[in-house]
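Now for the letters of each chain:
2 protein chains.
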Amino acid sequence: MAIQYKKVSDAVIKRLPRYFRYLAELKEANVQRISSGVLSEKMGLTASQIRQDFSCFGGFGQQGYGYNVESLHSELKKILGVDKGFNTIIIGAGNLGQAIANHSKFEKRGYFLKGIFDLDAKIIGKKINGLEIMNMDSLPDFLRKEKVDIAIITVPREVTAEVADLAASLGIKGIWNFSAMDIKVPDDVVVENVHLSDSIMVLGYRIKNN
Amino acid sequence: MAIQYKKVSDAVIKRLPRYFRYLAELKEANVQRISSGVLSEKMGLTASQIRQDFSCFGGFGQQGYGYNVESLHSELKKILGVDKGFNTIIIGAGNLGQAIANHSKFEKRGYFLKGIFDLDAKIIGKKINGLEIMNMDSLPDFLRKEKVDIAIITVPREVTAEVADLAASLGIKGIWNFSAMDIKVPDDVVVENVHLSDSIMVLGYRIKNN
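Listed in order, the protein sequences are those of chains A and B.
The first sequence lines up with residues 0 to 209 when you count with numbering that gives the first Met the number 0.
The second sequence lines up with residues 0 to 209 when you count with numbering that gives the first Met the number 0.
In isolation and in its complexed conformation, chain A is listed as follows:
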C-alpha cells in the first residue's frame, strides 16, 4: 500500500533539493548519522522546521537517534524522482541553451538530455556535448519516437509562448522556462521558471535596502 503523504507546500518542495544536496555532501564525507539539530545548523533552518518538513513524507527519523544519512539520501532520491530519472530536450540553442547542454551536473541528478533544437540554419548540425542541434521542424517526429518528460525552453521571449504551446501539445509533461515571461499551458503540464532578470533585480533591491 502506498503511503499517503500530507499535502506538501510549495516552500517544502523548494527545500527538498537543498536537503538532497546537503545529504549528498554528508554521504560523500562518510557521515553516517546526523541529528536534526546539526543538519539545521548546516542549512540555516530550525530543527523543528526540518522535522516538520520531513513529517510530510512520513518522518524518516527515530526520536533521539537522528537521521541515517544513507537512507535519508536514498528516500529523497525517490521523492524527487532522481532514481528513475527524466528525459529532457532543449529548445533554443543560443548561449544559454548551449551552457545548459554543457552542464554535466544535471545528468548526475537524473536529468538526461536527449535532443537540442533550434531554428537557426547556421547552427543546426553543430554538436553540443555530443548531441547534434536539430531543426525545430523535426521536433514533432522526435517526440513521437522518444519518451521526453521535460522541455527546457531557452528561446527569445517573442516565440516562447508558441514554443511552449507546441511542446505541451506534443505530450511534454514539464517546461523549464528561462524566458523573461510567464507562460500559460494546460494543467497537466508543469512549469518551473528561471527568470534570471527577476533574480538579479531582487538582488539589486536587496543591495539598495541592506
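No lab work stands behind these hints, which were simulated from the structure alone.
You can trust all of the hints, since none of them are fake.
The list makes no distinction among identical chains, and a pair is therefore deemed to hold if it is satisfied within one copy or across any two copies.
DSS-like, lysine-lysine: derived pairs with alpha carbons at most 25 Å apart: (1) K6 x K207; (2) K41 x K172; (3) K104 x K183; (4) K76 x K207; (5) K207 x K144; (6) K146 x K207; (7) K77 x K207; (8) K13 x K183.
Since the structure of chain A is provided, determine the placement of chain B on it from the hints.
For chain B alone, kept in the frame of chain A given last:
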C-alpha cells in the same frame, strides 16, 4: 522627508520584478491606466494581493481610478534601483559565465557588466560581448579602481566559497551565486542564489506528483 516604508516581506520583494515586467509590457503597448482587477487577471494574483503589495510602498493608486501605467512603471524602476543602475563583474568565464555575459537584457534592466575574470590561461584575453576576459590575479586592483556593486559567480562548486570570500573582502555589495552550494558572507553582503539543479529537481518533483 523620505517616506517610511513598511517592512517588505520576501514574497513581495520577489514579485516586484514581475510587476516591473508587466508594467513595461503595458507601457510598450501604450496602455495608460490599469485597474488592479485587470492587472491581477494578467498576473494570476488577486486584486487585493496587488493592492496590499503596493501598499508596502505607499500605495500608487487612487481608489476607483486604477494605476497610471507610466508613473507606476517609473516608481518600480526607482524602488528596484533600475534608474541608477548597478555595476557588475562575472567571475568564472565558462559556458554559463559567457552566456550571462552575452545576455543583453541585463543592461536594459540597469545591470552593467564591467569585467569578466577567470583563472584559465587558455581563455584569458578572449573577448566576450566586447570585454576581454581578465586574469583573476588582477581582480583586487580592478575593484580598487572601479566601483562594482555585484559579483556574478559562475565558478566550479569547489572554489565558490573562496571566490565569494575574496569578492566580499574587496567591497562587493552583492553576490549572484550560480553554483550548487549555499555561500556564507558577512551581513553587509547580499546573496541571491540561482540554484539551477534545485530548480530542475523541483520541476521533476512536480511532474511526478502532478
